[in-house]
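Enquirer: So the protein lines, in turn, are chains Z and F. The first sequence maps to residues -18 to 184 in the numbering used here. The second sequence maps to residues 3 to 175 in the numbering used here.
It should be emphasised that the hints constitute simulated quantities derived from the structure, not laboratory data. Please note: incorrect hints may appear among the correct ones.
Claimed, not checked - Beyond 10 Å from chain Z on every Cβ pair, some chain F residues (computed):
#, residue
1, Gly13
2, Pro39
3, Thr40
What the hints assert, rightly or not - Which stretches of chain Z does chain F cover? Using the computed rule of at least three CB atoms under 8 Å from a CB of chain F, they are:
#, stretch
4, -8 to -2
5, 6 to 15
6, 64 to 76
7, 159 to 172
8, 176 to 183
On a predicted model such as this, the values are computed, not experimentally measured, just so you know. In this text, a Cβ means the ideal position worked out from N, Cα and C, and glycines have one as well.
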Amino acid sequence: MNDFDLDHLGDVWRQQPDPAELESLMRSAEAVRRRARWGQLVDVASALVVGGVVLFLILLNPERDTLVVGGVAIMFLLFGQYRQRRLRQEELRSLTGTAEEMLDQSIARIEATVRRTRFSLGALPAGFIIGLIFSYFADNPVSGDLMRRLSAGAGLGALILGITALVVIAAAFSLMRTIRRATNELIRLNSLRDAYRAERAQE
Amino acid sequence: MGADGHGGDGGIPPFDRIVADYGALISRIAMSYEADPTLREDLTQQIFLAVWQALPSYRADASLKTFIARVAQNRSISFVTKQVRQPQVTELPEKLEAAEPNPEESAIYSNERRMLLEATRRLPMPQREVIILVLEGFDYSEIAEMLDIAPNALALRLSRAKTALKKMLEHQA
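Using the sequences and the accompanying hints, generate a full structural model.
Expert: Below, the structure is given as structure tokens:
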């Protein structure tokens, strides 16, 4: 292939796949379409079911507490739907824009993820310690009773404390892994964006 | 509106029609970004999903082929950046080689195609993007619009991409 003829290379490039390959592509696409359609239906159905159950419980017991809890549940549901819609719109923008726009959006999104995850990682031990202090000193019937029960069982308090500490450590490792992966992806995205910028600088 | 939620009104063909018409284009774009067959299968499915999700936003200000190529390229670039390892280069599986009536011609064509694909995969991403669109038969004004660059900037980028591709093909030969 010493001749460099883009038209010829285009002909070579655009060779149609054989019918079996095309058939396999069609099957694969159909499976994807079916899964995506089902996903959409499940999303809508689960939102309707949860909303319906909350409304039913409110109607069944129309008191202030139920109204507050139900209202909060519905707000969470609506917020979840709004967030999901916004994420889909962002995803759509990044799919239909230029590669550079997509890279900029991805970088901004992952930087936000890293910031959020770092904050969670920092807040984790602080939250654990504050929780412990609160449990010991809170002067209310729930925590007081809980602490008395824990103190009554031999080793029960230590066991629960140990399990909680393990959960906190596991969560910390998981957050650290998320940060490491996101940071690696950021490095790749930034280097790709630099390549595009360098390309533009030569134009 | 079709059973899948797309097509039938507003000029968007049904999804299965789109796959029949542009499945090969999607497959070639996936191949030019991902060499590993398993990951490529995953990428191809992600492109189909992205196209399905993006179709309702399609407006006829550009051709459907342009729209699909853009979605496929963006999804591929995003897929590659998510991979931890560097994209590896492997031989094309036999079933992806085109069927030709003449076996000798077929072998030459297939070999050419494999070499072209491998060389394309080694191009820097901005140049690869341009070369793929040229090889796919888009005209230069469409490519400039897709990449949001001026026609003379496209000419320069394409010239660099051609030089790099030529060098790689000569090196392979």
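Enquirer: The structure should be examined with respect to each hint, and the outcome stated for every one.
Expert: A quick look at each hint next to the structure:
At roughly 17 Å from the closest C-beta of chain Z, the C-beta of Gly13/F stays outside 10 Å, upholding its exclusion from the interface. The claim that Pro39/F lies off the interface holds: its Cβ sits roughly 12 Å from the closest Cβ of chain Z, which is beyond the 10 Å cut-off. Every Cβ of chain Z is farther than 10 Å from the Cβ of Thr40/F; the closest lies at roughly 13 Å, confirming the non-interface assignment. Residues of the stretch -8 to -2 of chain Z lying with their CB closer than 8 Å to a CB of chain F number 6, which satisfies the three-residue condition for coverage.
Three residues within the 8 Å Cβ limit are the bar, and the stretch 6 to 15 of chain Z against chain F gives 8, so the coverage statement holds. Counting residues of the stretch 64 to 76 of chain Z whose CB lies closer than 8 Å to any CB of chain F gives 5, so the stated coverage by that chain holds, three being the minimum. Restraint check on the stretch 159 to 172 of chain Z versus chain F: 4 residues with Cβ-Cβ distances below 8 Å, three needed, restraint holds. Check on the stretch 176 to 183 of chain Z: 5 of its residues sit with their Cβ under 8 Å from a Cβ of chain F, so the three-residue criterion for coverage holds.
Consistency with the previously given hints is maintained throughout, with no hint failing.
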